[in-house]
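Novice: Spelled out, the chains give:
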Amino acid sequence: MARQMIRDVIRDTIDAEMARDENVIMLGEDIVGGMGSPGGPEAIGGIWGTSGGLWAKYGSDRVIDTPISESAIIGAAAGASLTGKRAIAEIMFADFIGVCMDQIWNQVAKFRYMFGGKSKCPIVIRMPYGAGYNAAPQHSQSIHAMVTAMPGLKVVMPTTAADVKGLLTTAIRDDDPVIFLEHKALYGVKGEVPDGEYLIPFGHARQVTQGDDVTILATGMMVGFAEKAAAQLAQDGIGCDLLDLRTTSPLDEEAIMDSVERTGRLLIVDEAPPRCSFATDLSALVANKAFASLKAPIEMVTGPHSPVPFARELESAYVPSPDKIVAAAVKAMSYRRG
Amino acid sequence: MANLRAFAMPKWGIEMTEGVVAEWMVKEGVPFKKGDILALIETDKITNEVEAEADGMFPKLVAETGGTYQVGELIAVLTGADEKPSADEVSAFVSGFKPADTAVASKAGGSPPPPPAAAPKVEAAPEPVKTVSIAADANISPAARALAEEKGVDIAGITGSGDGGRITFQDVLQASLPATTVGGSPVEIAPIGETLGEVFASPLAKRLAVQHGVALSSLTGTGPKGRICKADVLAKVKPEPVAAATPSAPAASTAAAAPMAFARPAPGTAEIVKMSSMRKAIAKALSHSKSTIPHFYLRSKVRIDAILGLRAQAKAATGEAPSINDYIVRACGLALARHPDVNVQVHGDEIHRFGSADISVAVATDKGLITPIVKGADTLSVAAISREVKALAEKARTGKLQPEEFQGGSFSISNLGMFGIDQFDAIINPPQGAILAVGAGSRQPIEIGNALAFATIVEISLSCDHRAIDGAVGAEFMRTLKGLIEEPKLLVG
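Residue numbers (numbering that gives the first Met the number 0), protein chains in the order written: chain E, 0 to 337; chain G, 0 to 492.
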């Protein structure tokens, strides 16, 4: 057991997988981290610091700096994966997904289906996402709803250091395309990481806190906020069943239903804007399959229907906060029928 | 040979001897479905819808619209929906028909069942809970498992709706409920004929046009690109008279042509209106009352400031408040409980004293006065009385009162305060012994101590039947009533 920052866990996990399987390769913009700079090819270690030292270890054939073309990164990674490699492609900001959407949506997600199940595309597309970094509207978005809506993709949103290791290992070894969403604000967060080989299967939520009054569903950075809120609510005698969903596709429907059937109240925390979102999807699922268990309307704490603002004050008003989560839970608890 | 049956005037309630066929809702020779409304039949004070108890057809409607028929009298010939009886067969049936004994008329041949509300609801005895065993590895959520065990639901027959066919709480709950049939009779929507389809109008405008009988081709659309919209149709529709609020009232359709509220015959002419059966019933009962009952009147002024205070509190607390009349009904109920000699009916040389204060409350409808009964007003809270009066008044206005809801009663209240009437005397509603007339509240100067103050005063007048109630008895009742109204803590306590 070691205590590590999440960015280091990512590098070490990729390192371990590249050492284990020579077919694992990496592609991305500036992932070598300083090519052409006075300090040498690895002077910086990538802008997120998630790939430092890998080029020196595995060389230019397996750690490939690409031109600034997301379409080319995914296209090349997908092609390599079709021929037997396991490509890990990095899109520097998830917001740039629009540029490579055809490669992801119409190619990567469809290969297995369109070739009668005879081909596989074991690609992992890592994308830093999320607000709270004061990075303005084009570098702060949460795009999980978009990719979760696409059949053929698996979508992972890890929260803790241990989960990053377990889920990234599973993602690299998975034979299907995986969108691996890393929250930018979590890169510097430290956590305990299990030693040795560690895999977490997809589609299994993590129970963060247990309680009988309100079920809270969250992913990524929102899990920490919800955990703070749950601690505060516990002081007021409100027990929260907080689930970190870990993967949005596949979804741990079973854990959600079990919890909602027990608590009768659901609060969904989602950083993305509220329309046609992951929050509304979960809400519809529960309204449809657990209506009989609900004691109160489903509450959603999300960002507003607006681009992420740049100004620090506005951005912190945009992102769901523990206070907003507490208020929504209290609202659900105060609901009276009739 | 077609199977012909009699469709006779039904008997609703022991007092009903005759009924008026207000309107046939089906046509001769046109098949109808079970549940269709066949006719509107009017009795003394109510209009009832007669529902088809099975599919069928009337080869002959014997009764004329507006005609009065004895209970058990033939009003139509009934047969199966697909039968085609000859005219001779039908007329032979009509001439050969003999009314059944009226006491059993409602059970005879093809006569319709009593109104649905009267039918007793049969509830099956609850089945004992079965014990079920659910395999430990069954694909079922914990909450669903607990529910299935509690309710004894066999999960073998349930198709799970959860992930991978997992059985959820909701699945078990639904399986534990009695089966219900989804759907029902088709929803009535306005027919969109070929001509309507070609008109450039919004669907709502088309529906309104059909409902109100407006020819769309006569309209100029004011919507986008000249589309006929809702407002265009409504502009063509004449304002409906108040009477139209009761769709079951047979007069509504003819009254609809007249302008609202000011309907009157042309100058210099007089219109002859036949009394409705309700009008006749009012006329008969009250002529009898005023000409044979020795009325005397006891008048009193009561302060209602305290009631107004309670109302304001109730309004602030709950957003709605009982009416002044609801408090007065409650006060009368309590006063009658203390003065059983006023809570009476007079039948020949008998006086019937009642153990419960069943108070008739006069309600004005567009067809005339009707007095639904608040039963056991002495045992109901003001809020309960308020709800009851509202429900009864609504039923009275739509002609849906059941006979037992307006026949009987041991005391009446008539309140014309809402019309600004200061004071009036009411005619006793026989066989009851007394009626209270309530006027409008008004601010009046009163003397308190040696000073002049203002209070809200209502004038009340008790009409008593001297055959049963003497002056002193009535006066004692009024003293109690005044005390209760002026100290309403006694009402709400």
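Watch out, some of these pointers could steer you wrong.
Per label pair, the in silico range of CB-to-CB distance [as the list claims (entries may be wrong)]: (1) Ile67/E / Ala145/G: 53 to 61 Å; (2) Lys33/G / Asn287/E: 42 to 50 Å; (3) Thr317/G / Lys294/E: 22 to 30 Å; (4) Ile36/G / Gln209/E: 32 to 40 Å.
Calculated pairs, DSSO-like style, for lysine-lysine (alpha carbon to alpha carbon, straight line, at most 30 Å) [said to hold, decoys possible]: (5) Lys59/G / Lys83/G; (6) Lys294/E / Lys150/G; (7) Lys83/G / Lys300/G; (8) Lys399/G / Lys330/E; (9) Lys84/E / Lys117/E; (10) Lys109/E / Lys56/E.
Some chain G residues near chain E, calculated using beta-carbon distances under 8 Å [unchecked claim]: (11) Gly164; (12) Arg165; (13) Gln344; (14) His346.
To be clear, the hints were calculated from the coordinates, so they are not data collected in a lab.
Virtual Cβ for every residue (Gly too), placed ideally from N, Cα, C.
Novice: CA of Lys83/G to CA of Lys300/G, is that 30 Å or under?
Specialist: Distance ~71 Å between Lys83/G and Lys300/G Cα, so the pair is violated.
Novice: A range of 32 to 40 Å was offered for this pair. Does it hold for the Cβ distance of Ile36/G and Gln209/E?
Specialist: violated, 58 Å
Novice: Does the Cβ pair Ile67/E, Ala145/G satisfy 53 to 61 Å?
Specialist: With Cβ atoms ~57 Å apart, the hint holds.
Novice: Do the alpha carbons of Lys109/E and Lys56/E lie within 30 Å of each other, as the hint requires?
Specialist: violated, 34 Å
Novice: Keeping to a limit of 30 Å between CA atoms, is the pair of Lys59/G and Lys83/G held or broken?
Specialist: holds, 12 Å
Novice: For the range 42 to 50 Å, tell me whether the beta carbons of Lys33/G and Asn287/E fit it or not.
Specialist: violated, 35 Å
Novice: Next pair to validate is Lys294/E with Lys150/G; report whether the Cα-Cα distance is within 30 Å.
Specialist: Holds, because 20 Å separates the two Cα atoms, which is no more than 30 Å.
Novice: At a threshold of 8 Å, is the proposed contact between Gly164/G and chain E supported by beta-carbon distances?
Specialist: Check failed: Cβ of Gly164/G comes no nearer than 11 Å to chain E, outside 8 Å.
Novice: Hint check: is the beta carbon of Gln344/G less than 8 Å from a beta carbon of chain E?
Specialist: violated, 41 Å
Novice: Take a look at whether the Cβ-Cβ distance between Thr317/G and Lys294/E falls inside 22 to 30 Å.
Specialist: holds, 24 Å
Novice: Could you grab the alpha-carbon distance between Lys399/G and Lys330/E and see if it respects the 30 Å cut-off?
Specialist: violated, 43 Å
Novice: Let me know if the C-beta of His346/G comes in closer than 8 Å to any C-beta of chain E, holds or violated.
Specialist: Constraint on His346/G not satisfied, violated at 46 Å.
In summary, the structure is inconsistent with hints 2, 4, 7, 8, 10, 11, 13 and 14 from the numbered list given earlier, while agreeing with the others.
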